[in-house]
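The listed protein sequences derive, respectively, from chains V and A. Read in my numbering, the first sequence has 535 at position 17, and its numbers run on one by one without any break. Read in my numbering, the second sequence has 212 at position 144, and its numbers run on one by one without any break.
One thing to keep in mind: the hints can contain errors.
Computed cross-link-like contacts, BS3-like style, restricted to lysine-lysine with a CA-CA straight-line distance of at most 25 Å [unchecked claim]:
| id | chain 1 | residue 1 | chain 2 | residue 2 |
| --- | --- | --- | --- | --- |
| 1 | A | K423 | V | K623 |
| 2 | V | K661 | A | K404 |
| 3 | V | K531 | A | K298 |
| 4 | V | K531 | A | K194 |
| 5 | V | K633 | A | K404 |
| 6 | A | K348 | V | K623 |
| 7 | A | K302 | V | K661 |
| 8 | V | K606 | A | K388 |
| 9 | A | K423 | V | K661 |
| 10 | V | K531 | A | K356 |
| 11 | A | K388 | V | K633 |
| 12 | A | K194 | A | K292 |
| 13 | V | K576 | V | K661 |
| 14 | V | K633 | A | K397 |
| 15 | A | K222 | A | K192 |
| 16 | V | K563 | A | K302 |
| 17 | A | K348 | V | K563 |
To be clear, the hints were calculated from the coordinates, so they are not data collected in a lab.
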Amino acid sequence: MKELFNSLQQREKTLLILLFGVLLITLIASSAMNLYSNMQESSKKLQSSKSDYDYVFKKAEILSLDLANQGFKNNSEAAYTELDKLSKKYELINYVRTPNADELKIVYILNDLEKSLMFIEDSIKVIGITPSSIDISRLNEIKRFTIIFTI
Amino acid sequence: MNRYFLHENLANNKVQLHHYLGDVFQSISDIDLNDIHNSIKSDAEIFYFIPSSRVTSFPIDSDNSASEENLKAEILSSMDTYIVSDISNNDIFIHRNNDLNIAFLVDKNYLDSIYEPLLQTGAKIKVYPEHLLLYSYRKSSIFEILDRTIFSFKSGEGFSQASNNLKSYISILNNEQGEYKPVLLTNNEMLNKHFNDCDEEEVALDLLHINFVKNHDNLPNLFKQGFFLKYWLKRFQIGKVDYAIACAFFLIILIYPIATTSLNNNYSENYKNGTINLFKAINPNIKKVVNPRRQIDEIINSYNLEKASELSIQGIESLKRLDIPQITKVTIDVKKSEASLRLTELGVNQYNFLKNLMPQANIDLIEEDIQTSDGKISGSIIIGLGGTK
């Protein structure tokens with residue numbers, strides 16, 4: 519092969535090298551373009567899948583809350599029992615639950631704000647209603663929470 | 069710039085290396101051509117002079133407009149009769165411009181034996197027949213370098229002859245080119261005797277070198293520029309580190325899209341599976357999810373929801389940033405997405421800092437009812453959670 523190349527005239531050698539160079543550059547450019555095009559395509563696919571997932575998740579959440587709310591209306595005692603279990607799980611101090619005809623009031627003491635917010639979210643999942651008001655009174659490190667759900 | 073002029077020393081098979089820095093002479097040494105890469109760096113310029121006895125010159129008629137290929141064929145056929153070596157073993161160089169129209173024939177193997185060590189230097193290489201060194205100074209002239217006498221003719225032809233054969237060559241010259249009136253650039257008794265009616269101008273080799281640097285542009289360079297990877301790597305001083313960086317760069321260019329595409333596809337698949345699992349949690353009988361948005365909307369519509377509640381309370385995360393002992397009471401009206409804060413002896417600076425922090429936490433200050441006493445602030449403020457304004 520080398521002998522064949524060496525036997526060529528300089529002009530032919532130059533043309534051959536140029537041709538090889540152009541072919542190599544075209545090959546690399548085409549492969550790179552293909553790779554980057556695939557990457558963009560996959561990125562779009564990911565965005566679409568994520569967007570669909572978020573949409574379905576949000577709707578499923580609404581459905582879940584509605585079902586929880588219907589369950590609460592049909593059997594509020596079961597929901598209260600579930601709330602009491604949650605109060606123990608989150609180690610709420612002086613937990614008091616006061617159900618009325620049109621509202622449910624929950625009062626407790628918990629110093630950890632983050633934990634308290636998690637309890638509120640879990641409560642919403644149980645009764646399917648967002649609270650109408652949240653009241654946090656603070657004395658030094660002691661935080662007293664009053665959550666009112668309008669039924 | 070470092071410049072090196074190389075003349076072959078036929079007596080000891082070495083080359084005589086003349087080193088200049090710019091136009092200033094530095095040194096002269098005899099060196100083996102194969103070791104030249106140890107003496108010359110890649111930022112230098114090399115002028116290699118082939119002894120004219122190794123070059124066959126062939127003047128071209130300035131009116132000859134034949135193509136280079138045709139001209140080569142023409143020259144080869146006319147020269148074949150008196151070139152001893154096989155014609156195909158020769159490289160032919162054609163040079164045509166206003167001043168000089170000439171072809172040179174040089175043995176290919178000989179040229180390769182010069183190119184190989186020269187390429188190892190990575191320097192800028194220029195190769196000329198030795199008589200062109202004289203030609204650029206006085207077209208028709210004679211000079212002595214090492215053990216040989218060099219003849220340059222007006223046509224650009226030239227020859228070199230060892231000093232011991234000089235007499236016989238001069239007699240041939242007298243017979244064949246009686247009108248040859250060279251300028252004697254050297255002081256040689258025999259030459260003075262035979263060319264007694266010619267001009268004399270004794271010059272040093274250094275002067276010819278410097279003159280050649282200035283006037284060589286229109287002369288034929290016999291070095292064939294080609295793609296020699298090792299040469300160009302050395303020429304551009306590309307070391308192993310540069311090599312590694314370039315390789316890494318190309319690898320990154322190729323690996324980045326491949327890795328990103330793979331990750332994107334993986335995450336995308338996870339989201340799709342997650343979506344299917346959500347549907348299965350709602351209704352285990354769902355086997356296929358084609359258009360998730362439409363399908364979930366259909367399911368929601370079929371359930372006839374009484375009211376849409378939301379699990380997350382807008383702005384509740386912002387409360388975490390307001391976990392300060394001096395904020396003694398927080399009352400959140402979830403429907404209005406507003407919160408009333410009671411402040412007790414909060415430092416002015418701390419309050420200002422809190423106010424500056426609010427936009428970042430997506431909190432708006434709606435109402436302010438505060439009193440300042442001894443650099444402490446007390447009172448109440450109403451804020452909008454999640455940017456209510």
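Tested hints:
1. K423/A to K623/V: violated, 32 Å
2. K661/V to K404/A: holds, 23 Å
3. K531/V to K298/A: holds, 18 Å
4. K531/V to K194/A: holds, 21 Å
5. K633/V to K404/A: holds, 24 Å
6. K348/A to K623/V: violated, 35 Å
7. K302/A to K661/V: Distance of about 75 Å is beyond 25 Å: violated.
8. K606/V to K388/A: holds, 23 Å
9. K423/A to K661/V: holds, 23 Å
10. K531/V to K356/A: violated, 61 Å
11. K388/A to K633/V: Given pair K388/A, K633/V holds - Cα atoms ~11 Å apart, limit 25 Å.
12. K194/A to K292/A: holds, 9 Å
13. K576/V to K661/V: Answer violated: K576/V to K661/V is near 32 Å, above 25 Å.
14. K633/V to K397/A: At roughly 18 Å apart (the allowed maximum being 25 Å), K397/A and K633/V satisfy the hint.
15. K222/A to K192/A: violated, 28 Å
16. K563/V to K302/A: violated, 47 Å
17. K348/A to K563/V: Between K348/A and K563/V the Cα gap is close to 22 Å, so the pair holds against 25 Å.
Hints 1, 6, 7, 10, 13, 15 and 16 from the list above are not met by this structure, while the remaining hints are.
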